[in-house]
Structure formats: structure tokens, C-alpha cells
Amino acid sequence: NAGVTQTPKFRVLKTGQSMTLLCAQDMNHEYMYWYRQDPGMGLRLIHYSVGEGTTAKGEVPDGYNVSRLKKQNFLLGLESAAPSQTSVYFCASSYKGRGDTQYFGPGTRLTVL
Amino acid sequence: GQQVMQIPQYQHVQEGEDFTTYCNSSTTLSNIQWYKQRPGGHPVFLIQLVKSGEVKKQKRLTFQFGEAKKNSSLHITATQTTDVGTYFCAAPGSGTYKYIFGTGTRLKVLA
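Chains as they are written, first to last, in the working numbering: chain A, 1 to 113; chain B, 1001 to 1111.
It cannot be assumed that every hint is accurate.
What the hints assert, rightly or not - Cross-link-like lysine-lysine pairs, in silico, DSS-like; alpha carbons within 30 Å at most:
| no. | chain 1 | residue 1 | chain 2 | residue 2 |
| --- | --- | --- | --- | --- |
| 1 | B | Lys1036 | A | Lys9 |
| 2 | B | Lys1059 | B | Lys1070 |
| 3 | A | Lys96 | B | Lys1070 |
| 4 | B | Lys1057 | A | Lys57 |
| 5 | A | Lys96 | B | Lys1059 |
| 6 | B | Lys1108 | A | Lys9 |
| 7 | A | Lys96 | A | Lys57 |
| 8 | B | Lys1036 | A | Lys96 |
| 9 | B | Lys1057 | A | Lys71 |
| 10 | A | Lys96 | B | Lys1051 |
| 11 | A | Lys71 | A | Lys96 |
| 12 | A | Lys57 | B | Lys1059 |
| 13 | A | Lys96 | A | Lys70 |
| 14 | A | Lys96 | B | Lys1056 |
| 15 | A | Lys96 | B | Lys1057 |
To be verified - Part of the chain B face toward chain A, derived, beta carbon under 10 Å:
| no. | residue |
| --- | --- |
| 16 | Val1004 |
| 17 | Pro1008 |
| 18 | Ser1030 |
| 19 | Val1050 |
Hint data in this document are derived by calculation from the structure and do not stem from the laboratory.
A virtual CB, placed ideally from N, CA and C, is assigned to each residue, including glycine.
Okay, chain A solo, but in the shape it has when bound (with noise of 0.2 Å):
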């Protein structure tokens, strides 16, 4: 059971390049989440997914687009990177929504020149 994995585990890319973060979990979970991490910011959440097929815009979804064509797999694209989308990146999946534990992945480490 591997869990929440994140490929990849860094990346740096210039201003304007586009790339796709790929989350996968093994544990059957319909929702899953991204979330990016800043110093001082905690946690905040990009889009969302609440099952195969699904996506939802979170608290600050703009420069980014989302795709869940498999239940297991959730996808964070950027199309146009910009130096304020530097950040750690995190995934996470729940079985359920509110009242259950958030699994996440260990992290993409992003950053844009």
C-alpha cells in the first residue's frame, strides 16, 4: 500500500512553461485534494475533487486547472507558470468529505524563475 504518491518531487521551470503535477492513490478514496504551502500562509486549497469525473475550484484556484479522469489519479496543471506559483505543492485524499482524515502525499517542490 503506497498510499498518496506526487510525481514529481521538484521541478523548476521559467516563467511562461507549462507543466502537470500527477497525485495517485491506492487506497479506494473518492475525494481528493490539492493544496499548495507557503511560509507564514498554512495550507490552502487549489481544487478539489469528490469523485471520478468531478472537480471543484478551492480557495485559490486561478493559474491552475485540474482533471480527475480516473478515481485514483488527480492531475494539478499549470499552463502558463508565473514566480508567484512557487511553493510546495501537496495532494491529499479522503474516503469521505467533512469528519474524515486527509491522507497526503509527501510534496512537489516547485519553483518558478
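Let chain A serve as the given structure and place chain B on it in line with the hints.
Okay, now just chain B, sitting in the frame of chain A:
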């Protein structure tokens, strides 16, 4: 919008001293969760509180949910170097499936 405030932002303690972090919400909560993040690591679930006035213990950690269900605290007795990390509270976002995380309290334990 809904806010979850957490204080203090930082705390340095000598090993063996106690530590407390507080979480306050602007609205009444149905439940509250606590997570711990070690330096360089990812958040790990510690506990969930649901009932008004609830107190739960995990070894040296004591978690409380306020009577009005608007605040919560985490108290660590006799801190150890293994307690180092950032502690987050997380409260349900109103009317949605998501949680709002507090800004976290970073604990440093000096040996």
C-alpha cells in the same frame, strides 16, 4: 468568509517544558481536526474532535474542543525533540466538502 486563526505562529521551548497551541474559528464548527507536519515532511492526521467540551489524550498530547465549538487547543506535556514540527488545526468549510487549515504553529524544542 470563514476564518481559522491559530496562535502562536512560533514557539520555542526547552525540552521538558509544556507547549500549547490554540485554534479559533469565527463560526461554530461541526468538528475540528489536528495535523502535525515534521520539517521537510507532509501533514499527518493526529485526531478529530466532534463533541462540545470534548477532551482526548494521546500519550503526552491533550486535545480540547471548546464548549461553544468555536475553539480548540493542543497541549503537549514535557516536550521532547521528537515533537518538533508544525501543528495545524483544520475546520470544515461552511457548506462544502473541504477543510480550512489554520496557519499553523511551528514548535522548536531546544535540547
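| message | Would the hint linking Lys71 of chain A and Lys96 of chain A be met if the CA-CA limit is 30 Å? | response | holds (13 Å)
_Next pair to validate is Lys57 of chain A with Lys1059 of chain B; report whether the Cα-Cα distance is within 30 Å._
violated (38 Å)
Val1004 of chain B as chain A interface residue, shortest Cβ-Cβ below 10 Å: Holds - the Cβ of Val1004 of chain B comes within 10 Å of chain A, reaching about 9 Å at its closest.
Practice problem: Could you grab the alpha-carbon distance between Lys1108 of chain B and Lys9 of chain A and see if it respects the 30 Å cut-off? | Solution: holds (26 Å)
If you draw a straight line from the CA of Lys1057 of chain B to the CA of Lys57 of chain A, is it 30 Å or shorter? Outside the cut-off at roughly 35 Å; violated.
| field | Minimum beta-carbon distance criterion (10 Å), Pro1008 of chain B to chain A | value | Status violated, d = 12 Å.
Distance restraint between Lys96 of chain A and Lys1057 of chain B, which requires alpha-carbon spacing of 30 Å or less:
holds (25 Å)
Problem - 30 Å Cα cutoff - pair Lys1036 of chain B, Lys96 of chain A - result: holds (21 Å)
* Pair hint Lys96 of chain A and Lys1056 of chain B, alpha-carbon separation not exceeding 30 Å -> holds (23 Å)
With 10 Å as the cut and Cβ atoms as the points, is Ser1030 of chain B at the interface with chain A? holds (7 Å)
Chain A contact restraint on Val1050 of chain B - CB to CB distance below 10 Å: Holds: closest Cβ of chain A sits about 8 Å from Val1050 of chain B, inside 10 Å.
Tell me if the straight-line CA distance from Lys96 of chain A to Lys1051 of chain B falls inside 30 Å. Between Lys96 of chain A and Lys1051 of chain B the Cα gap is close to 19 Å, so the pair holds against 30 Å.
The structure shown violates the earlier hints numbered 4, 9, 12 and 17.
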